[in-house]
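Student: Sequence:
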Amino acid sequence: MPHPEADLDALSAQLRDGRVAFGTDNPVNESLAGDLTRAMGNIDAAGAADVGDIGVVVLETTPERPGDLRDIAQDLQNVTGLDTVVVRTPNSAAAVSNSLSRAEIESGQLAMVGEPDYAVGLEAFAAEADGFAPPWVVVFLVLAAIVAVVVLMTFFSVARQRR
Numbered sequence: 065m066p067h068p069e070a071d072l073d074a075l076s077a078q079l080r081d082g083r084v085a086f087g088t089d090n091p092v093n094e095s096l097a098g099d100l101t102r103a104m105g106n107i108d109a110a111g112a113a114d115v116g117d118i119g120v121v122v123l124e125t126t127p128e129r130p131g132d133l134r135d136i137a138q139d140l141q142n143v144t145g146l147d148t149v150v151v152r153t154p155n156s157a158a159a160v161s162n163s164l165s166r167a168e169i170e171s172g173q174l175a176m177v178g179e180p181d182y183a184v185g186l187e188a189f190a191a192e193a194d195g196f197a198p199p200w201v202v203v204f205l206v207l208a209a210i211v212a213v214v215v216l217m218t219f220f221s222v223a224r225q226r227r
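With this note's numbering, letter number 142 in the sequence shown gets 206, and the count goes up by one each step, no holes.
Hints listed in this document are in silico derivations from the structure and should not be mistaken for laboratory results.
Mixed in with the good hints, there may be bad ones.
[To be verified] Cβ pair distances, simulated, as ranges:
1. T101 to P154: 18 to 28 Å
2. F204 to N106: 56 to 66 Å
3. D89 to G116: 49 to 59 Å
4. N155 to P91: 14 to 24 Å
5. A209 to T125: 42 to 52 Å
From the three backbone atoms N, C-alpha and C, an ideal C-beta is built for every residue, glycine too.
My request is simple: use the sequences and hints to build the entire structure.
Tutor: Right, dumping it as structure tokens:
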């Protein structure tokens, strides 16, 4: 098992029941579940359609290999059928999604980890992932510069050969 708190059967059952799952029993779970459920409602109301049906798993510790979080998220997504599964620990986060690109997920993860409040972090994840767009102006300018350099090099090469 990649993580002692990752009882996939228990976590997937919790996700199916309410889209929020906890790896351990903790007195703050009930309050946190309410906050996360409200955050998911805010995400739905904001129209972050790209995120799709989202589920959140809260673990109290980060595994030795943080990549295990993504594996946990992937396994839970496979068994629950949710579009997006987010696994959050105090020091890290991972997400998988059928509806978001890898770049959108990574952008959202960075925004989420920057928020100590898990509900605010979840909303930041959705907002960042939904609003992610490649920097097309920069891409265009770089491509235009490359084309200009190639044209100039060709021009000087031809001019040199004519002499």
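Student: With reference to the structure, classify each hint as holding or not holding.
Tutor: Here is how each hint holds up against the structure:
Here the CB-CB span from T101 to P154 is close to 20 Å, well matched to the stated 18 to 28 Å. Our hint of 56 to 66 Å for F204 and N106 is violated, since their Cβ atoms are close to 35 Å apart. Distance hint for D89 and G116: a CB-CB separation of about 29 Å, inconsistent with the stated range 49 to 59 Å. Range check, N155 to P91: Cβ separation about 21 Å, and the 14 to 24 Å hint holds.
Checking the proposed 42 to 52 Å range against A209 and T125 shows it holds: the Cβ atoms sit about 47 Å from each other.
Going down the numbered hints, you'll see the structure goes against 2 and 3, while the others check out.
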